[in-house]
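There are 2 protein chains.
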Amino acid sequence: MSSSIPHQRPDAPSFPCVDANESRAAKLATQANKLTFIKQNNQNQVKIEDVEGEGPEPVYATPTPATYQSFTSHYPLLLDYGGVLPNFDIAYETWGSLNQDKSNAILLHTGLSASSHAKSHPGNDTPGWWERFIGPGSDYAIDTEKFFVICTNVLGGCYGSTGPSSPHPEDSKPYGTRFPIITQFDMVRAQWRLIDSLGIHKLYASAGCSMGGMQSIAAAHLEPERVRSIISISGTARSGSTAVAMRFAQRSCLMSDPNWNRGFYYDGMPPHTGMKMARQIATITYRSGPEWEQRFSRKRRVTPLSDDEMATNVNNPGDAPKLCPDFLIETYLDHQGEQFCLKYDANSLIYVSKAMDLFDMTKPALMDIDQHRKRNENKVNKELLGSKTSHSMEPPSLDSVQVNNRKPYISTAPAVPYAQELTEGLTRLSKIPVLIIGVHSDILFPFDQQRELADSLRKGGDPERVKFFALDGPWGHDTFLIDTSNVGGAIRGFLI
Amino acid sequence: MSSSIPHQRPDAPSFPCVDANESRAAKLATQANKLTFIKQNNQNQVKIEDVEGEGPEPVYATPTPATYQSFTSHYPLLLDYGGVLPNFDIAYETWGSLNQDKSNAILLHTGLSASSHAKSHPGNDTPGWWERFIGPGSDYAIDTEKFFVICTNVLGGCYGSTGPSSPHPEDSKPYGTRFPIITQFDMVRAQWRLIDSLGIHKLYASAGCSMGGMQSIAAAHLEPERVRSIISISGTARSGSTAVAMRFAQRSCLMSDPNWNRGFYYDGMPPHTGMKMARQIATITYRSGPEWEQRFSRKRRVTPLSDDEMATNVNNPGDAPKLCPDFLIETYLDHQGEQFCLKYDANSLIYVSKAMDLFDMTKPALMDIDQHRKRNENKVNKELLGSKTSHSMEPPSLDSVQVNNRKPYISTAPAVPYAQELTEGLTRLSKIPVLIIGVHSDILFPFDQQRELADSLRKGGDPERVKFFALDGPWGHDTFLIDTSNVGGAIRGFLI
Numbered sequence: 001m002s003s004s005i006p007h008q009r010p011d012a013p014s015f016p017c018v019d020a021n022e023s024r025a026a027k028l029a030t031q032a033n034k035l036t037f038i039k040q041n042n043q044n045q046v047k048i049e050d051v052e053g054e055g056p057e058p059v060y061a062t063p064t065p066a067t068y069q070s071f072t073s074h075y076p077l078l079l080d081y082g083g084v085l086p087n088f089d090i091a092y093e094t095w096g097s098l099n100q101d102k103s104n105a106i107l108l109h110t111g112l113s114a115s116s117h118a119k120s121h122p123g124n125d126t127p128g129w130w131e132r133f134i135g136p137g138s139d140y141a142i143d144t145e146k147f148f149v150i151c152t153n154v155l156g157g158c159y160g161s162t163g164p165s166s167p168h169p170e171d172s173k174p175y176g177t178r179f180p181i182i183t184q185f186d187m188v189r190a191q192w193r194l195i196d197s198l199g200i201h202k203l204y205a206s207a208g209c210s211m212g213g214m215q216s217i218a219a220a221h222l223e224p225e226r227v228r229s230i231i232s233i234s235g236t237a238r239s240g241s242t243a244v245a246m247r248f249a250q251r252s253c254l255m256s257d258p259n260w261n262r263g264f265y266y267d268g269m270p271p272h273t274g275m276k277m278a279r280q281i282a283t284i285t286y287r288s289g290p291e292w293e294q295r296f297s298r299k300r301r302v303t304p305l306s307d308d309e310m311a312t313n314v315n316n317p318g319d320a321p322k323l324c325p326d327f328l329i330e331t332y333l334d335h336q337g338e339q340f341c342l343k344y345d346a347n348s349l350i351y352v353s354k355a356m357d358l359f360d361m362t363k364p365a366l367m368d369i370d371q372h373r374k375r376n377e378n379k380v381n382k383e384l385l386g387s388k389t390s391h392s393m394e395p396p397s398l399d400s401v402q403v404n405n406r407k408p409y410i411s412t413a414p415a416v417p418y419a420q421e422l423t424e425g426l427t428r429l430s431k432i433p434v435l436i437i438g439v440h441s442d443i444l445f446p447f448d449q450q451r452e453l454a455d456s457l458r459k460g461g462d463p464e465r466v467k468f469f470a471l472d473g474p475w476g477h478d479t480f481l482i483d484t485s486n487v488g489g490a491i492r493g494f495l496i
Numbered sequence: 001m002s003s004s005i006p007h008q009r010p011d012a013p014s015f016p017c018v019d020a021n022e023s024r025a026a027k028l029a030t031q032a033n034k035l036t037f038i039k040q041n042n043q044n045q046v047k048i049e050d051v052e053g054e055g056p057e058p059v060y061a062t063p064t065p066a067t068y069q070s071f072t073s074h075y076p077l078l079l080d081y082g083g084v085l086p087n088f089d090i091a092y093e094t095w096g097s098l099n100q101d102k103s104n105a106i107l108l109h110t111g112l113s114a115s116s117h118a119k120s121h122p123g124n125d126t127p128g129w130w131e132r133f134i135g136p137g138s139d140y141a142i143d144t145e146k147f148f149v150i151c152t153n154v155l156g157g158c159y160g161s162t163g164p165s166s167p168h169p170e171d172s173k174p175y176g177t178r179f180p181i182i183t184q185f186d187m188v189r190a191q192w193r194l195i196d197s198l199g200i201h202k203l204y205a206s207a208g209c210s211m212g213g214m215q216s217i218a219a220a221h222l223e224p225e226r227v228r229s230i231i232s233i234s235g236t237a238r239s240g241s242t243a244v245a246m247r248f249a250q251r252s253c254l255m256s257d258p259n260w261n262r263g264f265y266y267d268g269m270p271p272h273t274g275m276k277m278a279r280q281i282a283t284i285t286y287r288s289g290p291e292w293e294q295r296f297s298r299k300r301r302v303t304p305l306s307d308d309e310m311a312t313n314v315n316n317p318g319d320a321p322k323l324c325p326d327f328l329i330e331t332y333l334d335h336q337g338e339q340f341c342l343k344y345d346a347n348s349l350i351y352v353s354k355a356m357d358l359f360d361m362t363k364p365a366l367m368d369i370d371q372h373r374k375r376n377e378n379k380v381n382k383e384l385l386g387s388k389t390s391h392s393m394e395p396p397s398l399d400s401v402q403v404n405n406r407k408p409y410i411s412t413a414p415a416v417p418y419a420q421e422l423t424e425g426l427t428r429l430s431k432i433p434v435l436i437i438g439v440h441s442d443i444l445f446p447f448d449q450q451r452e453l454a455d456s457l458r459k460g461g462d463p464e465r466v467k468f469f470a471l472d473g474p475w476g477h478d479t480f481l482i483d484t485s486n487v488g489g490a491i492r493g494f495l496i
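These protein sequence lines map, in sequence, to chains H and Z.
Using the UniProt record's numbering, the final residue of the first sequence is 496, and nothing's skipped along the way.
Using the UniProt record's numbering, the final residue of the second sequence is 496, and nothing's skipped along the way.
Bound conformation, chain H alone:
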């Protein structure tokens, strides 16, 4: 224990976990440019001891050095709830080659906190978040000898795409919470601009896991003629109240950290403590369940016995319990929180997780969004007229054309049954083959939601076009990052 810790009382126990928090704060306080914390590849990461207990540990977020490509749209983007981004960047990486008729592109949608770095490549050999799923040859879920894979950092993120940490066009200071509310559809609209710029008319597949499982559907909803097939893994057609609750608990921890400062922390101390708490909660929702019982069970951290103790007392009891991390599951969560708390932008977490909560493919929800858009349509033209930005030569995106032309849903007065609302919301996908994968041990996107999605899609078109795989992996929601054999196999078979 450092003697500089102010509140340490001689008659009270020590709290190494609280000391660690204070050390992190002290270290950050001496750092000149705090905004760099998410730009640097973990250089600021506090070193902590390794987690005990073996198990598969996927790469969650990989803050990549700037080896991604960047697409800038100079046309304004009208967002679902009325915000407008006059221009925006999308960071992306690609693997494989686009074929001559540009018909082999797979757009890969990510989970909440992932970067565009799904797979290592010559420019960046860090393993990506789906490293073992993408590669050359038929051993991989997505064969890069056949397909051209595109992965983006989502709009709202912090790994190269425009988000709350990006400069506001008016004052070049970070947006902070001046950033507008975004939806899954908005994120996908931004991706469609990128696809347009690559000259790709139709995607071979719109594929994604977790939040990406929502986006794989949203992309096809916005542009049904431009998606040949959909892969939605551990996703949902609408977030349930328990998932909203779990993400709310995370946002609350962030927003009640005084360092969050209502979203304007970029020239001060970042809300590292709130981020750590949020990540601990998130980790529970990502894993938990059977694997933890097998891996951690009730094992506690033990101080190795000294030679003397070994020699004299074979029945030495285990260590007395401590209030700081003690059970291995606690050290694991603590480690996950420490790892993440300076790796990702707090505002990005707030905006992107909120966009997950808002996702709802039922017809009434889609109608509500359409009404919001209709109300704000004029903003885009105004913005264009009043804009001082010189525009690139890129054509108006197909999407911004569609804003005005989209046929609104016809209102149905009486309430329709629940599943029926979803089938009605998914009508634009009625002719697209879909692969859905669900995992029984998932507590964040419960299995019933993938089944509901499959059933609703089947009711709205040829049932044979919908393939539904139910997996029994013990890893919970994160199975999509780990189970190359089953998840990968299902994808490979579907893409043939």
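Bear in mind the hints are in silico, worked out from the structure with no lab data behind them.
Since we're looking at a predicted model, the values are computed, not measured.
One or more hints might be untrue.
[What the hints assert, rightly or not] Cross-link-like lysine-lysine pairs, in silico, DSSO-like; alpha carbons within 30 Å at most:
1) Z/K322 / H/K173
2) Z/K379 / H/K322
3) H/K322 / Z/K299
4) H/K299 / Z/K379
5) H/K322 / Z/K173
6) Z/K173 / H/K374
7) H/K374 / Z/K322
8) Z/K459 / H/K299
9) H/K299 / H/K322
10) H/K431 / H/K102
11) H/K299 / Z/K299
Chain H is already provided as a structure; the job is to place chain Z on it using the hints.
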């Protein structure tokens, strides 16, 4: 919005939820004696708007005015991990009358944060946490015309029993984190002292829900000859890693709140923000699941339309989303957090929840505790000899005699199979009738754990003595507070 809020930027959205946190802090800062916050019956509670969405809302914690009775033990209590309390108080309340041969007493063990106030009575007409389960006549689960019901505030709690907020005998200042680590067995030892003082030799039943479901077993393990029957509702024989993770996330929020101050906040600002975060997480573990989907679904808070809006625009879209509580499930969690954050002592939450994590009835775990006790046995005598406290005339408790006489388990060298370890740990209960109730929708004490407890008990004695009820209520863990019909019915039938 108040103009006194320092960080409000004119070009950024308002955050009423952050304002509320800051208002609470400002209010507490002006309050002279902050320790009173848990003694006063919610007088300091911040008023917030009512939660929308109907549903059964049990009384979780009832900080009662001092209408409970108090038992003081002047004999030292040796704790499992070596701590010693030279003396301690146990707050308790009773209902019904003790019969002549003192054979009709039911000791009711509570959940984590409950007080002794299980039921209203002439001294305190506030509804108790099990109000509808206890009362005169055969309509109630526990008939007070037949039984004498005793409910205590647990050791480590803050509603009248000795805990971290109680004065340390050396300096009369609150223990804070100088309070020793306690276990479920320690809490039960303290209860047995009370039972001794009431002259009760044998309990008609040791009954409890949630944490109390652990204690109902622990009480019989310590004193198998003194328990006629056991009722364990939504409990477990050992906490699983997911439950530990969920409680760890709560403790982390508390311990990383700077106001926690390593446990010494009693003359300063309490960690009200950490408490609110912790309670939000706890509420997810208490409820969630099917009832939330039915009750809150994806409903959002709506601003009522003005008359003008009503008249002019029937298709007015819903409100734009907000980052502060927005979905009804969010307002619900926010409300639960606000309600609780000044109602319960943060250190009590840390110590009592840790004691839940430590509960493990497998033989190796019990052996480990026995070794710890053996190591520390001499502390009690030392304490007695060195004590300046004048002792009351109460006899040495049966328990403190047993400390020295208990036959230690014989170590078995090779690892025994999992369930077998539990059966071996539960041998002292081999002749006691047991009622176990489990709820399928419980995510905190998963149903499989109640089944495991039932199976392990059945293997260790006459299987017929173990009754196991599986319930399908949609309320998750909290079903035991709500479902008078099924939970109550099963208890009533078992007690006949």
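Taking the hints in turn, this is what the structure says about them:
no.	hint	result
1	Z/K322 / H/K173	holds, 22 Å
2	Z/K379 / H/K322	holds, 20 Å
3	H/K322 / Z/K299	violated, 42 Å
4	H/K299 / Z/K379	holds, 28 Å
5	H/K322 / Z/K173	holds, 22 Å
6	Z/K173 / H/K374	violated, 64 Å
7	H/K374 / Z/K322	holds, 20 Å
8	Z/K459 / H/K299	holds, 25 Å
9	H/K299 / H/K322	holds, 14 Å
10	H/K431 / H/K102	holds, 21 Å
11	H/K299 / Z/K299	violated, 41 Å
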